[in-house]
Amino acid sequence: MAHAAHGHDDHGGGHHLIAKRDLVVTISILIVLTALTVGLGLLERYYAENHDIEIFGPFSVPIALLIAGTKAYFVAAYFMGLKYDGGTNLLAFAGSVIFLVIFLAFTYLDTGFRDTFEERAAVPVDLLEANELEAAAESERLAPAFEAVPLVDAPDTELFPSASADPASGDAMDDADGSAPADTEADPAADN
Amino acid sequence: MATPSPIPVDSPHADAGHEGDGHHGDVMLRGYDGELHPANLQHHFVSSEQQFESAKLGMWLFLVTEILLFGGMFVAYAIYRAWYPDLFDQASVELDTVWGAFNTLVLLASSLSVAWAIRAAQMDNRKLLVGLLWLTVALAGGFMVVKYFEYTHKFDKGIFPGQYFELAEGVPTVAELQAGTATLEPATEADADHSGGGEAAAGAHGEAGAHADDGHGKKGEIFYNPRAGIFFSIYYVMTGIHGLHVVIGMIAIGVLAVKAQRGRYSSVYYTPVENVGLYWHVVDIIWIFLFPLMYLI
Chain A
1 MAHAAHGHDD HGGGHHLIAK RDLVVTISIL IVLTALTVGL GLLERYYAEN
51 HDIEIFGPFS VPIALLIAGT KAYFVAAYFM GLKYDGGTNL LAFAGSVIFL
101 VIFLAFTYLD TGFRDTFEER AAVPVDLLEA NELEAAAESE RLAPAFEAVP
151 LVDAPDTELF PSASADPASG DAMDDADGSA PADTEADPAA DN
Chain P
193 MATPSPIPVD SPHADAGHEG DGHHGDVMLR GYDGELHPAN LQHHFVSSEQ
243 QFESAKLGMW LFLVTEILLF GGMFVAYAIY RAWYPDLFDQ ASVELDTVWG
293 AFNTLVLLAS SLSVAWAIRA AQMDNRKLLV GLLWLTVALA GGFMVVKYFE
343 YTHKFDKGIF PGQYFELAEG VPTVAELQAG TATLEPATEA DADHSGGGEA
393 AAGAHGEAGA HADDGHGKKG EIFYNPRAGI FFSIYYVMTG IHGLHVVIGM
443 IAIGVLAVKA QRGRYSSVYY TPVENVGLYW HVVDIIWIFL FPLMYLI
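Chains A and P, in that order, give the protein sequences. With our numbering applied, the first sequence covers 1 to 192. With our numbering applied, the second sequence covers 193 to 489.
Bound-form chain P, shown alone (with noise of 0.2 Å):
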């Protein structure tokens, strides 16, 4: 069987049999059945707009997927809200508003520079393209380094998740007033009124009043709520795994850019450019949801 050569063409319609063909990538391949194919084209399609709508329609297919991986996580935060309202409102206090409202910007400019750098693919503007794309890969990384110093930030006040976080002195945790080791000591009139309420299993240990600085640097109606590991459980999981998928969003681009240098990307075929987009979109989604739930109410 001889091995189909690559046969340069000028125009990439030159053999378009119809109009609206699609792209066929620069080079022409002649298949086993002798006739000339379009390079890039796989021999399970009809034709290269029919291989670019079942790649978009997988990558949507993989995007359902990830929606719901994080639709999870939002249902057992939408649960765990519903149950403890005043943890929410202590914990997003705890969080940074402005650098978390700097890092939406940061990956909405993401999202606009990738919608750009699909634009110069259709346009054949490679040089733009990989400009983009770069850029892309630099604003993802600025979004990482922000969250890294969201969490050393938090990691020394000790706010680690679940059981992990560090409540304030003397403070009994959930799992010891479930042992029965401790127990709550009710608040009394002089905490409420101090503290503006909200704080009601806080008074422990008589420490009236000293909830503002106990000396400890614990400063905050958090470290005073026994459940306060539940609002970071959730945080660090959510955040942790979106920024994980931020990662692989900077590789894949990454990879996207040097092979964009390289040319292997035209406006005849740009489906990776195009299905990796569509999954940085979704990653900044997820971020505009996860920002006002948990840095803002």
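Bound conformation, chain A alone (with noise of 0.2 Å):
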């Protein structure tokens, strides 16, 4: 650290003169960094789209916000003095950005599981229709295999050639016939 200003700088106040070396320093990791981001992202895209592997997966916005956040640090600290200044410059800005973390905690808590509690309200309509359009298309792919089996209504003429196509007349038989099950199976409509 140069202390050439005024010779006073131990004062904590605005008035540290920055290294030339602190500069150069400070945008070179600046530099290095967004290097880094850049080239992560466009990793993360070219595995994404030509072998279609996430390589961050869920860590891609942690890990950005991780970069980025190194990058906000090095500007305020040495560019905006704030390692220099501390006191009341540093409890604003961190208080400014403890209650941003409040107010995105915050929201997040109510918005991030407003589908977890079977608030249905919260699903947009289109969502719920695609559902549904799913739900109805799976339903018609499956209606074959749930088919009823067509009711006889006329004998088989190879196992039974007497018997009559006319289906009237096998009431007549079992009505003539006593010998009929009618004691496990009553045909309910002689009954009542």
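No lab work stands behind these hints, which were simulated from the structure alone. Each residue gets a CB set at the ideal place from its N, CA and C atoms; glycine is no exception. Take these hints with a grain of salt, some might be off.
Claimed, not checked - With a straight-line Cα cutoff of 27 Å, these simulated DSSO-like cross-link-like pairs (lysine-lysine) come out:
| id | chain 1 | residue 1 | chain 2 | residue 2 |
| --- | --- | --- | --- | --- |
| 1 | P | 248 | A | 83 |
| 2 | P | 451 | P | 248 |
| 3 | P | 349 | P | 339 |
| 4 | P | 411 | P | 349 |
| 5 | A | 20 | A | 83 |
| 6 | P | 451 | A | 20 |
| 7 | P | 411 | P | 339 |
| 8 | A | 20 | P | 319 |
| 9 | P | 248 | A | 20 |
| 10 | P | 319 | P | 248 |
| 11 | P | 411 | P | 346 |
Unchecked claim - Covered by chain P, according to a simulated footprint, are these stretches of chain A (three or more residues, beta-carbon under 8 Å):
| id | stretch |
| --- | --- |
| 12 | 68-75 |
| 13 | 99-110 |
Stated by the list, open to error - In silico negatives: residues of chain A with every beta carbon more than 10 Å from chain P:
| id | residue |
| --- | --- |
| 14 | 47 |
| 15 | 85 |
| 16 | 125 |
| 17 | 143 |
| 18 | 147 |
| 19 | 151 |
| 20 | 158 |
| 21 | 161 |
Two chains, two separate frames, one set of hints: put the complex together.
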């Protein structure tokens, strides 16, 4: 650090004269971090598009925010001189960041879990509609498997060559023949 | 009452009763109390040092409100990103990473030049101070020029905020879906295979596999997402208000440069340079967060 300004920079005030070396090192770090975040972003996009691989997955946002936060630290600490100010200015800055985090966290606690407790009203209408359409298509696809076997209304002539094709004649036989299984499965029409 | 009369002094420290009194200004005034005071010192401050620190704290409090202003928009971004992650993936592809990265470097360079300008003011190097301030204005102008081309390029592609976003033909809007006048057709297997997924709601009107280019220049999955307008509302508002801050910063730094040319600032009084510099760094920090969130992920 160069302490050349007025020879009284021990008061922690705004008269810190930043060294040329500090400025150059800070901007170099910032440029390297920018290159890093761009490189990682392009790498992720390349793998997602060409190999269908999510190399960072859910961590891409935290990684980007971490790099951006580091860059913000260097700007605030050196370019803005917070490292030398300390005190009230740092308190104000830190306070704004803390309240921003509270703002974000509590809003997310509301909005992030709306569908968790069966509040379907929070689900956008077209997503509901898409789900219903999907369900309808699925049941249509499965419908043939569940189709009822058609009822036989005429006896098979190969098995019962003597049987009449007229279903009414069967009824007549049931009524005439007392040995018909009327005790197990009584014809409801006959009783009522 | 006698008007205070300027009394030039040879050394700014000549009248200092104690060490560390800070900056006095090049001109001393005789106050109503009959004592000599630095010309830049307002009567309600004990010393120039206190005046400088107070002004700086005031600037910091203003910057807190700026951080919270953008904070609200970042919260909106975070919530919509949590709701519609695919939308943000599709949309970030539409933003030109190279120009975004270039603009990031331009703003970082302008931050450096402002920080260096303050150093120049502290060292009484007026020529360097003026030069660096104008350089900062030029870099900020470069940023805005790139922004202009980015915006007009998007307008050409029909990328507008909210309901004005021009979706590909046949894709229903969210308003139509909610009114029930249009329905989404579920994506067929062929569609999903062809586009590599992530396009669940895009298979509208049987244009199977035609999404790559349907003849309307609508390349990209974002044009098949009815919610595209949400992302671009956030994008235009955030980058727009940031751009407004850049323009205001350009004006402020331009005024500083003109005043610096007239010799208004020196190592004993450079409070406006310091405070506008702080403002400019916050504009830079906001872009540091905007760039990766919008362009990269």
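Could you check the structure against the hints above and give me the numbers of any it violates, in ascending order?
-> As far as the earlier hints go, 15 and 16 are violated by this structure, in ascending order.
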